[in-house]
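**Q** This is what each chain is made of:
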Amino acid sequence: AQSVSQHNHHVILSEAASLELGCNYSYGGTVNLFWYVQYPGQHLQLLLKYFSGDPLVKGIKGFEAEFIKSKFSFNLRKPSVQWSDTAEYFCAVNANSWGKLQFGAGTQVVVTP
Amino acid sequence: EPEVTQTPSHQVTQMGQEVILRCVPISNHLYFYWYRQILGQKVEFLVSFYNNEISEKSEIFDDQFSVERPDGSNFTLKIRSTKLEDSAMYFCASSSTGSTEAFFGQGTRLTVV
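Each protein sequence line maps, in turn, to chains A and B. Under this note's numbering, the first residue of the first sequence is numbered 1, with each subsequent residue one higher. Under this note's numbering, the first residue of the second sequence is numbered 114, with each subsequent residue one higher.
No lab work stands behind these hints: they were computed from the structure. Quick caveat, the model's predicted, so the values are computed rather than measured. One should not assume that every hint holds.
Stated by the list, open to error - Cut-off 25 Å, straight-line C-alpha distance, at most; resulting in silico cross-link-like pairs (SDA-like, lysine to any residue):
no., chain 1, residue 1, chain 2, residue 2
1, A, 49, B, 121
2, A, 49, B, 196
3, B, 170, A, 28
4, A, 58, B, 196
5, B, 155, A, 16
6, B, 155, A, 72
7, B, 191, A, 80
8, B, 170, A, 79
9, A, 69, A, 113
10, B, 191, B, 114
11, B, 170, A, 64
12, B, 155, A, 54
13, A, 69, A, 40
14, B, 196, B, 173
15, A, 49, B, 191
16, A, 49, B, 129
17, B, 191, A, 61
18, A, 58, B, 173
19, A, 69, A, 79
20, A, 61, B, 170
21, A, 69, B, 214
22, B, 155, A, 53
Stated by the list, open to error - Residues from chain B that face chain A, not an exhaustive set, calculated with beta carbons under 10 Å:
no., residue
23, 181
24, 183
25, 194
Don't be surprised by glycine CBs; every beta carbon is placed ideally from N, CA and C.
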């Protein structure tokens, strides 16, 4: 079955630490890949996306992600987190032209001062 | 910045009652979606809507659910006879095409008692 897996459900780290969140998907064929973030009490916001081209994509707020096709992965990274990065992070995959997104379970990230 | 708006933010309803959740997508978008997130679970796709008809729906979206775009600006989700297990956060989203990023609303928290 098609699925999206996020490896960590809960991550706690200190300010200035580096962050990497794993995402793997099981779709064959062409996919569009997304990372969304949900800050406490707010709506889902797009962090970054990959459609084609350079597999290393840069998003807002210093986040980046690397698409590795051979590993079916799209891991999210940030070299130095801030307290304001405390949020839930969702990986999502679109594999058809109707726009349907399949989400991972989400990773709750808590950054301590 | 254009945004997707949802009303109400919180709805409490008795089991068996009908509810209508309302959304105003971004004005030049053509694709509309509903997702839901049961507390502690992943964001799940319900339905996508394009050109005034459902383009795709999940197995969750059974006969109890319907969607409508009644007036060219609103996009509604109706649940005919609510069940306790319908309690969830419901997110509306829209996109300009089926292959671009979706913009999400703030969500409606539906509580069925």
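**Q** Each hint should be assessed against the structure and marked as holding or not.
**A** Hints and how they fare:
1. A:49 - B:121: With a Cα-Cα distance of about 30 Å, the restraint between residue 49 of chain A and residue 121 of chain B is violated, given a limit of 25 Å.
2. A:49 - B:196: This hinted pair is violated, its Cα atoms lying about 36 Å apart.
3. B:170 - A:28: 20 Å, holds
4. A:58 - B:196: Violated. Residue 58 of chain A to residue 196 of chain B sits at ~42 Å, over the 25 Å cutoff.
5. B:155 - A:16: 28 Å, violated
6. B:155 - A:72: Distance of about 20 Å is within 25 Å: holds.
7. B:191 - A:80: 44 Å, violated
8. B:170 - A:79: 39 Å, violated
9. A:69 - A:113: Violated: residue 69 of chain A and residue 113 of chain A sit about 36 Å apart, past 25 Å.
10. B:191 - B:114: 28 Å, violated
11. B:170 - A:64: Given pair residue 170 of chain B, residue 64 of chain A is violated - Cα atoms ~32 Å apart, limit 25 Å.
12. B:155 - A:54: 29 Å, violated
13. A:69 - A:40: With Cα atoms ~32 Å apart, residue 69 of chain A and residue 40 of chain A exceed 25 Å; violated.
14. B:196 - B:173: Holds, at roughly 13 Å.
15. A:49 - B:191: Violated, at roughly 31 Å.
16. A:49 - B:129: Outside the cut-off at roughly 40 Å; violated.
17. B:191 - A:61: Not OK: residue 191 of chain B and residue 61 of chain A at ~37 Å, beyond 25 Å, violated.
18. A:58 - B:173: Between residue 58 of chain A and residue 173 of chain B the Cα gap is close to 34 Å, so the pair fails against 25 Å, i.e. violated.
19. A:69 - A:79: This hinted pair holds, its Cα atoms lying about 23 Å apart.
20. A:61 - B:170: Violated - the C-alpha atoms of residue 170 of chain B and residue 61 of chain A are around 34 Å apart, more than 25 Å.
21. A:69 - B:214: 20 Å, holds
22. B:155 - A:53: 29 Å, violated
23. 181: Nearest chain A Cβ about 18 Å off; hint violated.
24. 183: Check failed: Cβ of residue 183 of chain B comes no nearer than 21 Å to chain A, outside 10 Å.
25. 194: 26 Å, violated
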